[in-house]
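2 protein chains.
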Amino acid sequence: MSTSIRLAIDVMGGDFGPRCIIPAVAHSLRQIPDLQVLLVGDAKQIEHLCNKHQLPSGRIRCIPTTQIILADDPPASVLRGKPDASMRVAIQQVRDGHADACLSAGNTGALMVLSRSILGTLDKIERPAIMAALPVAGKTCYLLDLGANVDCSALQLVQFAVMGAEAARELSGLSDPRIGLLNIGKEVNKGSQRVREASELLRQHETLNYIGHVEGDGLFRGDADVVVCDGFVGNVVLKASEGLASYMQAELRTALRANLVLRCLSPLLHFALRPMIRRHDPGCYNGASLLGLKGVVVKSHGGANEDAFSAAIDRAAQAGRSNLPQRIAHRLGMRPAGSRDTQAQ
Amino acid sequence: MSTSIRLAIDVMGGDFGPRCIIPAVAHSLRQIPDLQVLLVGDAKQIEHLCNKHQLPSGRIRCIPTTQIILADDPPASVLRGKPDASMRVAIQQVRDGHADACLSAGNTGALMVLSRSILGTLDKIERPAIMAALPVAGKTCYLLDLGANVDCSALQLVQFAVMGAEAARELSGLSDPRIGLLNIGKEVNKGSQRVREASELLRQHETLNYIGHVEGDGLFRGDADVVVCDGFVGNVVLKASEGLASYMQAELRTALRANLVLRCLSPLLHFALRPMIRRHDPGCYNGASLLGLKGVVVKSHGGANEDAFSAAIDRAAQAGRSNLPQRIAHRLGMRPAGSRDTQAQ
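As they're listed, the protein sequences go chains S and D.
With the numbering used here as the guide, the letters of the first sequence map in order to residues 1 to 345.
With the numbering used here as the guide, the letters of the second sequence map in order to residues 1 to 345.
Isolated chain S, as found in the complex (with noise of 0.2 angstroms):
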């Protein structure tokens, strides 16, 4: 059994490309001793850049492509053009067992096609969730889904508990998550029919630790370990706080900076608010899991800089770690989502 993590990076996603990703893997082979990376894309510009960037030759391995996905290509035509794209090719390499995650900050529509195209989904699972870990009061709560599906069953909205519980156990090392139900109200009697129905099955589940109906603000008061919703409002959600706590940081920076003794005095603010500030960059949770898959997808902001890519590397190598598909294929055989009956326990 091989104990190294090795990751199939697809080096053409995002908005910086492999200028940005090749400088964050080189940080995180430094970080991660038994990380060992393929490098998927362009063979010039990776060639260029591992030199550039000193990476270690025994670490890395350049898988050549010759084909781009871009941020506005549809999903759905990505499963028929494209058979070189860089982000294809990373994905086989976890299908054909040469990688153990596969990470990728491209379009997010096709990630999630062509992982369920050439990973499939796992048996029991309707549809595959994105998964967010947000750091909250001191621990990480897990939100699903993110906007891979916009309108979700109530059978859906159970299996993501299910999933989003496994990710909870593996991941943060919990025995028995709590997971909560994002709605509009505490009573049971809140919500569409949907969530309601939800709540209902989420209550008769007998693995699964259900708190009941989580509200917004419970979201940021660490209520619950994993918060269940639909894409849509996880979607929303998501980039609303992450717009927020940016919003506010530029808000304090400007007050401090408004006071002529704060200002002479910001060094020393500098060091005394750059733990707090660091904690709820969004750039330091980057990395989203796709979870349903027979295999571990992570995927990265478009948007993310060098240390943002290199959070999203810790997270895929944890990720590919933990084998979470084959332990949520595990939890699902022992009881199935939204059902009593029991196979295979």
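Hints listed in this document are in silico derivations from the structure and should not be mistaken for laboratory results.
Heads up, some of the hints might be wrong.
Copies of the same chain look alike in the list, so a pair counts if it works inside one copy or between any two.
As the list claims (entries may be wrong) - Listed below are the simulated DSS-like cross-link pairs for lysine-lysine, each with C-alpha atoms no more than 30 angstroms apart in a straight line:
1) Lys82 - Lys190
2) Lys44 - Lys82
3) Lys294 - Lys139
4) Lys186 - Lys139
5) Lys82 - Lys294
6) Lys139 - Lys190
7) Lys190 - Lys294
8) Lys124 - Lys190
We have chain S already, so just place chain D on it with the hints.
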């Protein structure tokens, strides 16, 4: 024509009731010289607290009631029961022309149900919506719906846009407010079927300055003056934003206190940061409007303290002066929402 502004206030609503609301009224009476208040609720408590806080007897009047709508009273039940509830009687003051606006911090669902029943809904409005005014990037962004309508049709979203646009014209003095539709991407093919349909209707609408989809982060960049969404999403986003803002302020305080030098400088920091913190205190923009009714009704947060309730009084006074229901009715008559034919222009 009376130049004073007359508010009917449900004194019994909210977590703290008269002992918070009466001093808030005292404060607002000092701030708003032409304010007249009908205090609706328990006569004994009102009399005692009005004496204690020295409210000017010529500008207040007590309307005694004997029943209270509780936070957990099911909205449907309040229609039949509690004929002498303070909330009901306060709304009746608007219907009967004794007040220009009604303000309550009580049960939101009950307030909506009673307002619809007592005041009625404007022609061409299927369902009223709840709208908040958020302080964003030095301006005000009007967000609706915030929870009155869990599932909205495309046509309802268009009606919300018409109402929000009129509110932005009246309350912010904007001649041509920018209307955005909250969505998970900028592209026209993004979002649920309903959202895409609403987008198409908004694009065809001749009297609205529709700027297209706004993502979660755009909400806090001031991309639009009015942002429209269904009540589920709006409620979750608003509460999540309030939760995140509180959380970040607490983190900031902790970070500053942890540094010995900064702890000594805390009066200076407090002074420098107070305007920013106040600007983003949810209490400062307390007071959500129920739009689409034939009268002005404003909802305060249930947990509002004195300052926050005073902010809601300001908002109710502004809404009461604006004649917003008549203006929305006029606008709907000019150009029916979701339709291109012209009536009564």
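With identical chains treated as interchangeable, where does the CA-CA distance between Lys82 and Lys294 reach 30 angstroms or less: within a copy, between copies, both, or neither?
Within one copy, since 23 angstroms is at most 30 angstroms while 58 angstroms is not.
Treating 30 angstroms as the Cα threshold, decide for Lys82 and Lys190: within, between, both or neither.
The answer is between: 23 angstroms across copies meets 30 angstroms, while 46 angstroms in one copy does not.
Checking an output row: Lys124 and Lys190, CA cutoff 30 angstroms. Within, between, both or neither?
both (28 angstroms within a copy, 27 angstroms between copies)
Measure nothing new, just compare the shortest in-copy and cross-copy C-alpha distances for Lys190 and Lys294 to 30 angstroms and report within, between, both or neither.
between (35 angstroms within a copy, 27 angstroms between copies)
Please work out whether the CA atoms of Lys186 and Lys139 approach to 30 angstroms or closer within one copy, between two copies, in both situations, or in neither?
within (22 angstroms within a copy, 32 angstroms between copies)
Using 30 angstroms as the alpha carbon limit, work out where Lys44 and Lys82 are close: within a copy, between copies, both or neither.
Classified as within: same-chain Cα gap 19 angstroms, cross-chain 78 angstroms, threshold 30 angstroms.
As a check of your reading, is Lys294 near Lys139 (CA-CA no more than 30 angstroms) within one copy, between copies, both or neither?
Answer is within: at 28 angstroms inside a copy they meet the 30 angstroms cutoff, but 48 angstroms across does not.
At most 30 angstroms between alpha carbons: which applies to Lys139 and Lys190, within, between, both or neither?
The answer is within: 28 angstroms in one copy meets 30 angstroms, while 32 angstroms across copies does not.
Checked against the numbered hints given earlier, the structure satisfies every one of them.
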